[in-house]
Amino acid sequence: MMRQLTGLPIDDDLVVRILFFCPDFSTLQAFILTSKAIHQVYQRYPKSIVRAVAYNVAGPALPQALRLVRYKLKHAPDAEAPLDEESDSDDPPGESGQKDPLTKEETKALLRVARTAGRLEHIFSWMEKDKTRKHALSPEESWRFRRAIYRVMLYCEIFGPERAYEHPDESPFFAQEDDEVDIDDIRALRRKRKVFLDAFNALELLELHSVLIFLESLLERIHALYHGPSYTGNEHKEIVSMGPDVVLECYDAFSLMPTYTKPWNLDNLHPEAIADFFSGPLELIFDDRKVKQPERQYQPILDEVFGEDDQCLYLFFTSFSSDNTDNPGQHCKQLGGMSLWGSSNWERLNISIRRQGLLELVKGRLIYNQAHMMQIRDFLTCPDYPKLFNELFDLKLPEYADWDKDDWLCMACLKKFFGDHFHIWFKELKRLEGNPEPSEDCWYGYNCRTQTHKLAHATKLNHLCEPTRGD
1 MMRQLTGLPI DDDLVVRILF FCPDFSTLQA FILTSKAIHQ VYQRYPKSIV
51 RAVAYNVAGP ALPQALRLVR YKLKHAPDAE APLDEESDSD DPPGESGQKD
101 PLTKEETKAL LRVARTAGRL EHIFSWMEKD KTRKHALSPE ESWRFRRAIY
151 RVMLYCEIFG PERAYEHPDE SPFFAQEDDE VDIDDIRALR RKRKVFLDAF
201 NALELLELHS VLIFLESLLE RIHALYHGPS YTGNEHKEIV SMGPDVVLEC
251 YDAFSLMPTY TKPWNLDNLH PEAIADFFSG PLELIFDDRK VKQPERQYQP
301 ILDEVFGEDD QCLYLFFTSF SSDNTDNPGQ HCKQLGGMSL WGSSNWERLN
351 ISIRRQGLLE LVKGRLIYNQ AHMMQIRDFL TCPDYPKLFN ELFDLKLPEY
401 ADWDKDDWLC MACLKKFFGD HFHIWFKELK RLEGNPEPSE DCWYGYNCRT
451 QTHKLAHATK LNHLCEPTRG D
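In terms of UniProt numbering, the sequence shown opens at residue 1 and continues consecutively.
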């Protein structure tokens, strides 16, 4: 053991062990700058310590992360080394060859890609592992997810539109649709993609395929916010070619707008170059190897899913109509498991309820009320869902007395609950704002037609109430 060679009150090798466990490079830097003695310990083993911290940042998928980072830096537009066309699809040494010491630029790039992978892992865990967020991915599951996501990132770096945009003469990506494109160029590009993926074994390819399904599902949800649930386009599959970091930008923005701010956006791509970007080579490899798809789409990554057998609360209540047309409970069994909603995942309603969708659930003609129309529309276009539903549950009607915000509801039942309570909640909101509704109720309540075209009537009477006359 190294004992106090630097004058520290503890063994120097213990200091090394502490440095090994720094969670990131900024913590490492702060620690070694706290004293000259600690800096001297670091100077003895800088490569080993930096490597250990890199492992803490990227986890067991460090080889995949380093392979990605080194390719990105080597082929960056401002890279000093000339671009070697022969290495485009070979990238830096394989995953098992990432043994070189990390440079300062590599540590910075590693932090960026690890941050993206970590965010996506968190979202994946919340959506597909445990909707209560009590259980994160296990170490083994996390390793599978991260090595797959880093491989997807690398594939997009090598073959995606950004790389082609930086070197347009080398790729058919940016030829216009009516231009003549050399079919041999397209075939060569597809062969390179297949060669890259063919290097992985069947289990690794299934992990990668699961990650792609997840990324596409995020984009499908965002599409549905604006196009509705009947949207059947394939744009989400093409957007994945822009890379997981762009998918994450879209998720954070609840919009596809980030894809249009890139100089290599989809409108500039030749359809033949982007078609079947991932699915084409994967299907060929699966067919060649006779690979069977798993029973559950995320089975290659997840060993255990919590709550996949949960059922909608509605199944335990009979207070609603038994008419199949009006009874949302008729759909509960097929919409159970990870598709259910409770207080732990209301935040995700931002990418699950179509924009303007809540307006369609407001009772009667309230969204056309001359006094409240603009406030209701502004509020429900992009609400704070956890806050809204927490407050709705605090105002439950008697028939919902046994419902609890921590119980699980399918989307149909959640929407029904919202529709039955919104006018009550909005009336309370107006009171808290110091602008309460008139004490006298309109006979026709929220169904009133006059409220939609006469401001004087809309402001004179309370329409946030049940009708006592009319339809």
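Note that these hints are calculated values from the structure, not bench results. There's no promise every hint is true.
Pairs of lysine-lysine residues, derived as DSS-like cross-links and limited to a Cα-Cα distance of at most 25 Å, are as follows [as the list claims (entries may be wrong)]:
#1 Lys-47 <-> Lys-192
#2 Lys-427 <-> Lys-454
#3 Lys-454 <-> Lys-416
#4 Lys-363 <-> Lys-134
#5 Lys-47 <-> Lys-108
#6 Lys-416 <-> Lys-460
#7 Lys-134 <-> Lys-36
#8 Lys-74 <-> Lys-108
#9 Lys-415 <-> Lys-405
#10 Lys-430 <-> Lys-416
#11 Lys-363 <-> Lys-292
#12 Lys-427 <-> Lys-405
#13 Lys-430 <-> Lys-363
#14 Lys-99 <-> Lys-134
#15 Lys-134 <-> Lys-108
#16 Lys-405 <-> Lys-363
#17 Lys-262 <-> Lys-237
#18 Lys-108 <-> Lys-292
#19 Lys-405 <-> Lys-454
#20 Lys-192 <-> Lys-104
#21 Lys-454 <-> Lys-415
#22 Lys-47 <-> Lys-104
#23 Lys-387 <-> Lys-415
#24 Lys-290 <-> Lys-363
#25 Lys-192 <-> Lys-237
#26 Lys-292 <-> Lys-262
#27 Lys-430 <-> Lys-460
#28 Lys-363 <-> Lys-415
#29 Lys-416 <-> Lys-427
#30 Lys-74 <-> Lys-36
#31 Lys-290 <-> Lys-262
#32 Lys-134 <-> Lys-104
For each label pair, taking beta carbons as the anchor points, the in silico distance ranges come out as [what the hints assert, rightly or not]:
#33 Phe-21 <-> Lys-262: 48 to 56 Å
#34 Gln-311 <-> Ala-401: 19 to 27 Å
#35 Lys-194 <-> Pro-271: 29 to 37 Å
#36 Lys-460 <-> Gln-356: 22 to 30 Å
#37 Ala-136 <-> Thr-381: 30 to 38 Å
Nothing here was measured: the structure is a model prediction, and the numbers come from that model. Note that beta-carbon positions come from the ideal geometry of N, C-alpha and C, so glycine has one too.
Results for each hint:
1. Lys-47 <-> Lys-192: 35 Å, violated
2. Lys-427 <-> Lys-454: 20 Å, holds
3. Lys-454 <-> Lys-416: Since the Cα atoms of Lys-454 and Lys-416 sit roughly 29 Å apart, the hinted pair is violated (cutoff 25 Å).
4. Lys-363 <-> Lys-134: With a Cα-Cα distance of about 36 Å, the restraint between Lys-363 and Lys-134 is violated, given a limit of 25 Å.
5. Lys-47 <-> Lys-108: Holds, because 16 Å separates the two Cα atoms, which is no more than 25 Å.
6. Lys-416 <-> Lys-460: It is violated: about 29 Å lies between the C-alpha atoms, which goes past 25 Å.
7. Lys-134 <-> Lys-36: Not OK: Lys-134 and Lys-36 at ~42 Å, beyond 25 Å, violated.
8. Lys-74 <-> Lys-108: 14 Å, holds
9. Lys-415 <-> Lys-405: 14 Å, holds
10. Lys-430 <-> Lys-416: With a Cα-Cα distance of about 22 Å, the restraint between Lys-430 and Lys-416 holds, given a limit of 25 Å.
11. Lys-363 <-> Lys-292: Roughly 49 Å separates the two Cα atoms, so the pair is violated.
12. Lys-427 <-> Lys-405: Roughly 21 Å separates the two Cα atoms, so the pair holds.
13. Lys-430 <-> Lys-363: 17 Å, holds
14. Lys-99 <-> Lys-134: 36 Å, violated
15. Lys-134 <-> Lys-108: 31 Å, violated
16. Lys-405 <-> Lys-363: Holds, at about 22 Å.
17. Lys-262 <-> Lys-237: 17 Å, holds
18. Lys-108 <-> Lys-292: Roughly 39 Å separates the two Cα atoms, so the pair is violated.
19. Lys-405 <-> Lys-454: 38 Å, violated
20. Lys-192 <-> Lys-104: 31 Å, violated
21. Lys-454 <-> Lys-415: At roughly 29 Å apart (the allowed maximum being 25 Å), Lys-415 and Lys-454 break the hint.
22. Lys-47 <-> Lys-104: 12 Å, holds
23. Lys-387 <-> Lys-415: Roughly 16 Å separates the two Cα atoms, so the pair holds.
24. Lys-290 <-> Lys-363: Violated, at about 54 Å.
25. Lys-192 <-> Lys-237: Status holds; Cα separation ~19 Å.
26. Lys-292 <-> Lys-262: 37 Å, violated
27. Lys-430 <-> Lys-460: 15 Å, holds
28. Lys-363 <-> Lys-415: 12 Å, holds
29. Lys-416 <-> Lys-427: 18 Å, holds
30. Lys-74 <-> Lys-36: 35 Å, violated
31. Lys-290 <-> Lys-262: Roughly 38 Å between the alpha carbons, so the hint for Lys-290 and Lys-262 is violated.
32. Lys-134 <-> Lys-104: Since the Cα atoms of Lys-134 and Lys-104 sit roughly 36 Å apart, the hinted pair is violated (cutoff 25 Å).
33. Phe-21 <-> Lys-262: 48 to 56 Å: 38 Å, violated
34. Gln-311 <-> Ala-401: 19 to 27 Å: 20 Å, holds
35. Lys-194 <-> Pro-271: 29 to 37 Å: Violated, at about 19 Å.
36. Lys-460 <-> Gln-356: 22 to 30 Å: For Lys-460 and Gln-356 the Cβ distance comes to about 29 Å; the hint holds.
37. Ala-136 <-> Thr-381: 30 to 38 Å: 33 Å, holds
Taken one by one, the earlier hints fail for this structure at numbers 1, 3, 4, 6, 7, 11, 14, 15, 18, 19, 20, 21, 24, 26, 30, 31, 32, 33 and 35, listed in ascending order.
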